[in-house]
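Engineer: Each chain is listed here by its residues.
2 protein chains.
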Amino acid sequence: MSDDDQELGITESKSHNTGEWYAEVVRKAGLADYGPEGMSGFIVTRPRAYAVWERLQGFLDAKFKDTGVRNAYFPMFIPESYLEREKDIVEGFDPEVAWVTEAGTKELEERLAVRPTSESIITPYISQWVRSHRDLPLRVNQWCSVVRWEATETKPFFRTKEFLWQEGHTAHATSEDAWNETMTRLDQYESVYEDFLAIPVLKGQKPDHDAFPGADTTTTVEALMPDGKSVQGATSHHLGQSFAEAFDITFSDAEEDERTAHTTSWGLSWRALGALIMTHSDEQGLVLPPTVAPTQVVVVPIWQEDTKDDVLAYAEGVADDLEAAGIRVELDDRDERNPGFKFNEHELNGVPLRIEIGPYEVEDDELTLNHRPDGEERVEDREGVAETVRDHLDTVYAKLYAAAEDTLDGEVREADDRAGILGTLGQHGGYVKTPWCGDEACEEPIKEPMAAEIVMVPFENDDPLVGDGVDDDLDDGSDGGAGHGETCAICGGPAERTAYFAKSY
Amino acid sequence: MSDDDQELGITESKSHNTGEWYAEVVRKAGLADYGPEGMSGFIVTRPRAYAVWERLQGFLDAKFKDTGVRNAYFPMFIPESYLEREKDIVEGFDPEVAWVTEAGTKELEERLAVRPTSESIITPYISQWVRSHRDLPLRVNQWCSVVRWEATETKPFFRTKEFLWQEGHTAHATSEDAWNETMTRLDQYESVYEDFLAIPVLKGQKPDHDAFPGADTTTTVEALMPDGKSVQGATSHHLGQSFAEAFDITFSDAEEDERTAHTTSWGLSWRALGALIMTHSDEQGLVLPPTVAPTQVVVVPIWQEDTKDDVLAYAEGVADDLEAAGIRVELDDRDERNPGFKFNEHELNGVPLRIEIGPYEVEDDELTLNHRPDGEERVEDREGVAETVRDHLDTVYAKLYAAAEDTLDGEVREADDRAGILGTLGQHGGYVKTPWCGDEACEEPIKEPMAAEIVMVPFENDDPLVGDGVDDDLDDGSDGGAGHGETCAICGGPAERTAYFAKSY
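Listed in order, the protein sequences are those of chains A and B. For the first sequence, position 373 (counting from the first letter as 1) is numbered 373 according to the numbering used here, and the numbering increases by one without interruption. For the second sequence, position 85 (counting from the first letter as 1) is numbered 1085 according to the numbering used here, and the numbering increases by one without interruption.
Don't read these hints as lab results, they were simulated from the structure. Since this is a predicted model, take the numbers as computed values, not measurements. Keep in mind that the hints are not guaranteed to be accurate.
Interface residues of chain B toward chain A, partial, derived using beta-carbon atoms under 7 Å [to be verified]:
{"no.": "1", "residue": "1045"}
{"no.": "2", "residue": "1047"}
{"no.": "3", "residue": "1099"}
{"no.": "4", "residue": "1125"}
{"no.": "5", "residue": "1162"}
Restricting the straight-line Cα-Cα distance to at most 30 Å, the calculated cross-link-like pairs of lysine-lysine (DSS-like) are [stated by the list, open to error]:
{"no.": "6", "chain 1": "A", "residue 1": "342", "chain 2": "B", "residue 2": "1063"}
{"no.": "7", "chain 1": "B", "residue 1": "1028", "chain 2": "A", "residue 2": "65"}
{"no.": "8", "chain 1": "A", "residue 1": "65", "chain 2": "B", "residue 2": "1065"}
{"no.": "9", "chain 1": "A", "residue 1": "106", "chain 2": "B", "residue 2": "1106"}
Glycine included, C-beta positions come from ideal geometry on N, C-alpha and C.
With these hints in hand, go ahead and build the complete structure from the sequences.
Structural biologist: Right, dumping it as structure tokens:
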């Protein structure tokens, strides 16, 4: 969009109309456009948002590679017969699959699913590649897009029919190794949110009835949005042996006995961008932590005709120093725009730090710095500008994180009966923590009237609760977070676990 | 695949059965597997090949970003009605399109094409984003996969129904700007081949009748494969105004007059990996230039029981020094394999440089280095190992490039009549350079009996020949490479151009 047409500033209220406010930020900050006619649910990811995604990829991919993961690429289509080989997968995804049925002028003999997730095509290859215990662990990951044809309303990055993500797939000799893998990836996802996106998360597992299709246990990082809803930030699944059995991943162990492998899968999607935009942004527009911002610092020279040369030369020197220090800096020396317009525009676009340079700064060998999240203004010496800017960028990150942490801390409440849960959710939103028997039936009396559900069950001592049916040796009999002797808030039976109820995206 | 099952070494002959030899290298070096049953034409890209693709992406993407390109992501589907809006695109790609017709349990109202290329969905958005001449040039690029349902035999990386690529799309105020863009990208593609993949290329344009659908002119880099066939290494298209008109990209110029933009598109696919594998590899397996090799150096310690500790400690020190210097090094200290097996395995997998360390090397404070392409062995001092290794890696690159350049130089021949062209192609393969009138009809007498075609028309003085119908102001009347006064080798008419005939992939 041309500058001329760009309306700066957001008209919707973040606190009152969060959904409309979010859509307006996404559009005005040039993050995404809606798909073409006939393709509702699809979005176009514009360069500003894609650049953030690339930085996130770089951060996470480096962690993956440091911990034994290798990237690969598998076909985007899955033959229907492959999808059907793991029954939970087909039941879980069939209603959402986009099907290729024709190619060129011919009808295909077998329908091909556009991948909704790739277990069903990756696992058979892992099965070919694994022969001996020496081939394990085997880890592959791919960065790609997947398609899930959901009928709900489009919300860029949160709900789209096609989305970008990474999906990792691993095979291991033992269930314990697979558990360790599952938790390694979950910890890396936590780090993406906390160390890179400035968003604190809650770590735990999904209730068994809400696990990934075919998984023993699904672990999750949950982030709280400003409207009191929870976002599933990324998930890491211990798949047990269901896929290994369906696709026959066996290996000979050190004693030459044939055994079946244990697998995991784990994924983080561009929903992380949605959480990022929604958590930090405000009514001036996009707010980005310096870690992910394509432009970290904008230098805005402020001149009159008689001071122009001096101010510009000084501003260029500052920008050059910052660039040489590896800081992502932009010098906004456009003639046709006044400083006020530039301030608003860079605020809309989420530049974390602004440096204003006018004749007074030049005269005093100083800089005026302005923090994006709160407008705090500070005057600093010109000397050592790179180090000064780094400190301010760190401060900006810390402010964003602290604000999000404050919100989260205030939004975890307790309740111990149905009325209390419903009342607390209805009045405040956020999370309501309650003792729970572990039965899906006890989620219904909350889910039905309130559209809230159990989004997370915390780990106890970092140990996930083990799913039904397998790996009982790993279930150490702990009570999964609920205090001993407590009773389920709904049915009054013994409370095995602690449940976090919330509305969710 | 487990080491136990890995057959080392290639059984097919590169010179006699190039196709089979290539397929064997791809399989045994763990580069790609074929797609599942029911999905012939698809491949699985395994980590060793994908790591090379990632390095190539990094090299090219940095060049793009340095020259004003921003990455984005557009939907993978294109509504049929959009595909139909540019008539050449729909004619060119319709026979190869995979169609999504059902989603979930419903039939779609309009068929969606899985993108064969994205002009038809990107151009309408560019049209929305461009309002004023100040919005130009506008450049976006995406790294993604596309699908073209070709019926020909699968050849991993050369011919696959789905392939990975990048596609750049730009809009400009003038035809000249669009030309400059077209040539900037072509030069960057040339650099990928020559400076990164160690493959010399010929730069030129496709005959007009073989241009990209809807393009004014398609420019190309062509690489010669060892079996004498040419590979189209990447293409950069001056699209003229056909897409801008079909999708209405207009802008107001400095005088506030409305004008139509000029667009380009340009793409490089994983075919570059195919060319890389085929050009350098040999009958020991994969050969990779150090620029792209996931592992640049392997250190193989050679010990007896009594020397093991000393040799291993020394080898670890060498590997540590190399790693600290940023060299991608692997220490192969596996107990269960002997050095001979390790040598063969790393040769198969394309590690450019091997360092052997035994008791003699330890005693003399030396290293024995072995170059992958030709087995040249050199003894060097332990001191300054990082610099020494860098020099050797440069030498290895230079050897690979020189060998490929020698081949190319010997494979460009001239002929000035039909019998000469056919005879030369039949006897030698390679390129046959001949005067040509510019008429498609004069390609037929070669194409029909020989399956060879005009793969390239060289530029004269770096100026492309301009397509018919538009931009005649840019056509400077040069004769496009053919000597003045020459006659077409086929029809005897005036020769406007020089044609390079070749068989091609």
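Engineer: For each hint, tell me whether it holds in the structure or not.
Structural biologist: So, going through the hints one by one against the coordinates:
1. 1045: Constraint on residue 1045 of chain B satisfied, holds at 4 Å.
2. 1047: holds, 4 Å
3. 1099: holds, 4 Å
4. 1125: holds, 6 Å
5. 1162: Hint on residue 1162 of chain B: holds, closest Cβ of chain A at ~6 Å, below 7 Å.
6. A/342 <-> B/1063: holds, 29 Å
7. B/1028 <-> A/65: The hint holds at about 24 Å.
8. A/65 <-> B/1065: Roughly 24 Å separates the two Cα atoms, so the pair holds.
9. A/106 <-> B/1106: Judged against 30 Å, a Cα distance of about 20 Å means the pair holds.
Checked against the numbered hints given earlier, this structure breaks none of them.
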